[in-house]
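Undergrad: Mind docking chain Z on chain R? Use the hints.
Sequence lines, in order, name chains R and Z. All the letters of the first sequence, read from the start, carry residue numbers 11 to 310 under my numbering. All the letters of the second sequence, read from the start, carry residue numbers 820 to 1064 under my numbering.
Calculated from the structure, these hints are not laboratory results. Don't take every hint at face value.
Stated by the list, open to error - Partial pick of chain Z residues on the chain R-facing surface, computed with a CB cut under 8 Å:
1) R836
2) W902
3) P910
Backbone N, C-alpha and C define an ideal beta-carbon position, used for all residues, glycine too.
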Amino acid sequence: MNEVLTLKNVTKSFHQKTAVDDISFTIGKGEVVAILGPNGAGKTTTISMILGLFKPSAGEVRIFNHLPQEKQVREKIGTMLQEVSVMPGLKVQEILELIRSYYPHPLPMSELISLTGLTGEELKTRAEKLSGGQKRRLSFALALAGNPELIIFDEPTVGMDISSRSRFWQTVDSFAAQGKTIIFSTHYLQEADDVADRILLFKDGTIVADGTPAQIKSQIAKPSVSFIVDPETSLEKLYLHTEIDDIYRKNNRVYVQSSNTDRVLELIFQEKLAVRDIQIERGKLEEVYEELTRGTKEAV
Amino acid sequence: MKIFQMQCKMEIVRVLRNRYFVFWSLVMPILFYYIFTNVVNTNPQDEAAWQAHYLMSMTVFSVMGSSMMTLGIRMVQERLQGWSTFMRITPLSDSVYFAAQMVGQSVIHLFSITIIFIAGALINNIALTAIEWVMSGLWILLGSLPFLAIGTLIGLMKKVETAAGVSNVLYMVLAVSGGLWMPLEIMPKVMQNVAQWLPSYHYGNGVWEIVRGGAPEWKNILLLVTYLVLFMVLSKYIRRKQEVA
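Only chain R is shown next, with the shape it has when bound in the complex (with noise of 0.2 Å):
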């Protein structure tokens, strides 16, 4: 494989809170990582190491086997970050111009101005009187404005109306499809979900799961089958066996979490639970988001 990015044992303290604590993990030419997790676990501060904002308190950070620092390491980043900004007092063709300038080998204007939707209007306007959607495509002109190898997005779908949205992600996959690294942060799990092929859950400043969507929905969301039942019913006969993991109450119905869905149907038959409108569900990224985040302590 050929590495891209790698963090190993990587810990931020500040003040002696710990943001980020030791991670390690390497991504390769091409792939589209999502680093999910809920606010506070550590997202931005990975992501603000990766792009040396940031030194680590233990462990290193290298992106194409050097420091993030390095000239040569930015010139072969593009980034969007988190808080919209933009230069005051230039028109958006200028800013842009300006910044393709810092690189070696830009985007040609017209294919930044197709990918990115800005309109010859938007082009003419001063980046401080543009609306919060436009900024934002500015932000992301920006980013690819000097045609980098690896992208990295901080949070870059917050604030965008659906079909800005749509576009973005059209033009992520395009630049996916010329075998660029993308990396970003979201706690929109359906993003991650569609978007990216690998998934690094982050909780608490660590990582608790890290693999392609499928693989991380089959390692940790169990399957269940859920009905609903006259309370009265007792339901002590199912808890001894050893096939079946949870029993729980939610919203009148039961669940009944089971690698093996159909043995827990047969054992309803068997012991003639008076039960009705059975389900089968399998496992949703959405539970596994939320199980595997849950109890996190809100951070700044």
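TA: This is chain Z only, laid out in the frame that chain R set:
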């Protein structure tokens, strides 16, 4: 080099589009100049000398203001809005970025100086020799350095409001007590003594000497250089402290 030129050009465009700059650094000084040499009768003994003196005062006033305010407030804005963070991720090095800002700012100053000189020459028919014009311009351009350093100090402040407030007050206090608005001779003795220690007075005095047909005093140069070094060291020290925190 191409990057540097491009960066400078953009810095200049940005300043010129800033309405506050155009008002405070060009319109105000010229208006003041017109008022205090034509509308208000100050009854100077030597009218021509007063007109040349006050033109220099107003030019110094203009350049001092844009050095302290334009640069400082913009630095705070860029940091707060995350632009500085974005720039750190681009291949543009910090030093090139900083140098481009300084060069851009100096070109702007040269522009202000030229405009105000021309305006003054047209308003009052000021007759200085070519050498005097050039030397005056150069003095004002180079003498702005300590004030640019104050600008970078202001640029370290946490809020735009604080930066704007502090720089405004500092600007006015330095201008008035340095004798840029009215000659020091008509001010109380205490003020005159204080002025001897202010960078603004020495900045003004250098160029006043030039239009009087002389040359800046050594004391003027010495004090301005001392202030420059002091502010630069202070700025560096605070920056380092902020980075650690």
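Undergrad: If a hint holds in the structure, say so; if it doesn't, say that too.
TA: Verification of the hints:
1. R836: 5 Å, holds
2. W902: Given a least distance of 4 Å, the restraint on Z:W902 holds.
3. P910: 4 Å, holds
Hint check: no violations occur; every hint is consistent with the structure.
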